[in-house]
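Protein chains in written order, with the working numbering: chain L, 39 to 161; chain R, 5 to 141; chain P, 5 to 514.
To be clear, the hints were calculated from the coordinates, so they are not data collected in a lab. By construction, the Cβ of each residue, glycine as well, lies at the ideal position given by its N, Cα and C atoms. There's no promise every hint is true.
Claimed, not checked - Listed below are several chain R residues computed to face chain P (Cβ distance under 7 Å; list not exhaustive): (1) Gly38; (2) Val68; (3) Leu74; (4) Gly75; (5) Val82; (6) Pro94; (7) Phe95.
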Amino acid sequence: MEVPFAVMVGVLFASGLYLMMQRNLMRFVFGLLVLSGSVNVLIFTAGRLTRGAAPVIPAGLSTPAGEVANALPQAVVLTAIVIGFGLIVFTLVLLLRVYERLGTVKTDELGDALVRLDDEDEV
Amino acid sequence: MNSLILRTTTMLLITILLLFSVFLLLRGHDLPGGGFIGGLTAAAAVALYVLAFGAQAANDMVRVRPRALLGVGLTAAVAAGLIAVLFGTPFLTGHWLIIDLPGSAEVKLSTVLLFDVGVYLVVVGTVLTMLFALEGQ
Amino acid sequence: MNLFVVAPVIVPLFSAAVLLLLRHSQGAQRVLATLSTVASVVVAAVLMAQVSSGGIQVVQFGGWTAPFGISFVADHLSAVMVLIASVMALASAVYALRDIDPERERSGFHPLFQVLLVGINGAFLTGDLFNLYVWFEVLLISSFVLLTLGGRRAQLEGGIKYVSVNLLSSMLFLAAIGLLYGLTGTLNMADLAVELRHQDPGLVTTIAMLFMVAFGIKAAVFPLFFWLPASYHTPPIAISAFFAGMLTKVGVYALMRVFTLLFTGDVGYTHTILLWVGAFTMVSGVLTAAAQSDVRKILSFHIISQIGYMIMGLALYTPLALAGAVFYLIHNIVAKANLFLIAGIARRLTGSFDLGRIGGLFKAAPFLSALFLIAALGLAGIPPLSGFWAKLLVVLAALEAGVWWIAAVALGVGLLTLFSMTKIWQYAYWKPAPDDAPVGAAPSRLFYAPVVGLAALTVLLGLWSTPLIGVADAAAAELLDPSRYVGAVLGPEAAASLRAVLEASLGGDQ
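Use the sequences and the hints to build the structure in full.
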């Protein structure tokens with residue numbers, strides 16, 4: 039099972055990086071989403087795949103009965119998803135502010151927009 | 005979004021979602037669930053309210069500032085860790101207080117639960133901060 | 005259970021929580037934020053003393069033994085980094101009392117700054133690779149918000165660059181962690197140090213390169229530094245100065261940690277790349293600085309240039325070189341942040357950061373000029389200031405290791421740094437102010453407190469360098485012998501087995 043997952047991670051990784059290289063920053067965010075998804079699948083696969091066995095110890099026992107899935111990558115991926123979620127929401131809010139204040143979310147137009155609009159002097 | 009159907013169902017659903025979030029929080033001690041997923045469910049309830057009635061109404065309903073929730077949650081989580089230090093054990097070690105009730109029932113209070121409540125509040129606070137930042141346009 | 009190993013994280017975390025609840029009282033926020041940084045300095049100093057006298061300190065969170073739980077490990081490098089981070093946080097917090105406007109304070113400057121310190125201290129102390137990622141993200145997300153707080157156009161434009169490149173770096177870091185976990189089945193750094201010696205060296209080196217790119221972006225080394233000069237000059241100076249001093253150094257710390265503890269299986273390959281990276285970083289940083297006219301941009305490019313020296317020390321991988329790199333880290337954090345703070349005061353006096361539009365500071369503010377000279381000459385490495393010892397150590401190490409060319413590069417870049425500092429002196433301080441110069445105002449006396457303190461530290465570290473050199477030597481000795489780190493975390497058996505493997509591989513080479 040790990041091999042098709044590895045291929046999938048590779049394809050997602052490449053797609054994410056491709057999107058992140060676009061001029062439009064919205065596509066950059068989509069690329070980031072794809073990339074963080076692929077990294078999460080990568081970690082999950084790195085912990086080896088086990089089907090249909092939740093890592094829960096039944097009541098009354100102190101060790102799992104039979105085969106269970108590896109719980110560590112699940113915890114790691116959960117944490118990574120949460121962090122990724124926060125980062126992406128922040129990026130979206132930042133983009134929204136950039137669009138409001140500079141009127142564009144294209145990387146090559148941002149510099150010009152800054153020169154054109156920036157009259158704020160700050161102390 | 006101004007939809008009568010959404011508004012009516014929201015009023016029903018929000019109660020259930022909030023109750024379910026507390027259920028998830030308490031269940032998380034031994035079974036799948038916990039403060040994080042519970043907090044997300046509670047935040048989802050507020051998000052639904054935002055969709056149905058708008059950010060301002062949701063803000064009024066929540067009453068407390070999301071940042072205050074964050075502060076209280078962080079304090080609870082850190083306190084849960086520090087209680088362990090008071091007992092002379094490493095930071096974040098679990099400690100239990102078992103209260104026997106009449107009959108064979110018992111209530112287990114633990115620093116783990118306090119930590120989870122902290123996580124719950126932090127998650128609600130964080131998601132609501134984000135939600136109001138995005139919706140407050 | 006040693007509370008002081010976790011206290012550098014708990015103190016600012018707890019203050020952040022309380023600060024979030026105190027939003028309406030800005031006076032109380034300021035007092036608490038300053039007290040919190042003072043308390044951080046105190047606990048960091050106690051930790052440093054404990055590490056100096058008792059060796060590596062370890063705490064296992066929740067009592068779960070390593071490698072199953074999360075460990076916090078304080079060795080000499082971690083302890084000294086935590087101490088300097090807390091000192092810099094104190095300096096910036098005092099400066100921020102007058103520098104940060106009420107609007108930014110209402111938007112949450114104080115709790116965010118504490119969370120930034122939480123992330124930095126956590127990154128220095130953790131002994132678990134995934135936990136390192138989490139601390140990195142804690143410091144990143146708070147630095148994102150601090151950088152764009154206030155929402156001026158230049159800040160937003162710089163913020164986009166900073167955020168996008170750093171997010172890419174985080175993703176690479178996380179992917180590298182995933183691959184490492186797939187290879188070894190563990191994330192505890194001490195456990196990894198043992199496990200990686202039994203793995204296919206080719207695979208390990210491949211993952212090491214991913215780490216090099218991920219941390220290289222955060223440390224702003226050549227050719228991954230473009231985000232830094234594009235963003236560091238945009239926020240208020242109190243934030244800029246702390247970023248300039250501390251943030252890239254967390255990346256340098258991470259590079260030093262993984263390329264001494266984990267990835268030393270193929271030093272000839274990985275550390276040669278690091279050596280070239282260091283050389284290019286030094287040269288490209290100092291040359292691009294020469295083309296700038298905004299003081300903050302000149303200083304930003306110098307951050308990059310100076311990172312090169314630390315990478316060079318790491319790449320040479322000898323006791324003297326690593327000690328030099330540690331000394332350089334500490335010296336540079338102090339001198340660089342101070343230069344930013346001084347530029348902030350000069351900006352208030354003259355009304356601009358642009359060298360072409362200002363002048364006459366030597367006449368108008370001789371005391372500030374003296375402070376600038378101390379920090380600038382310290383940065384350039386003029387004796388008897390701290391930079392002299394830092395440069396001397398790394399250059400001596402290069403000569404000792406027989407790598408003449410990098411010693412020549414280091415000395416040449418030192419000369420160019422001096423030239424650059426002379427340029428700032430010439431334009432901002434020496435030449436008379438131009439007729440159309442903008443008007444400034446006298447800044448509050450409080451601004452001078454952190455600047456004087458940091459300048460005194462630069463002089464002190466130069467004149468009385470023995471204690472810091474002692475710490476740097478001890479840190480280097482620990483970095484070069486991973487079995488001491490492993491022994492402290494996993495116990496003597498693991499350390500003995502690692503030592504056996506290391507000795508066997510050394511024997512095989514000869």
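Against the structure, the hints:
Using the Cβ-Cβ criterion of 7 Å, the hint placing glycine 38(R) at the interface with chain P is not satisfied: the shortest such distance is roughly 15 Å. Of the supplied interface hints, the one on valine 68(R) is violated, with its beta-carbon coming no nearer than about 11 Å to a beta-carbon of chain P, more than 7 Å. A cut of 7 Å between beta carbons decides the hint on leucine 74(R): the least distance to chain P is about 5 Å, and the hint holds. For glycine 75(R), the interface hint holds, since its Cβ comes within 7 Å of a Cβ in chain P; the closest pair sits about 3 Å apart.
About 5 Å separates the beta-carbon of valine 82(R) from the nearest beta-carbon of chain P, less than 7 Å, and the hint is met. About 5 Å separates the beta-carbon of proline 94(R) from the nearest beta-carbon of chain P, less than 7 Å, and the hint is met. For phenylalanine 95(R), the interface hint holds, since its Cβ comes within 7 Å of a Cβ in chain P; the closest pair sits about 5 Å apart.
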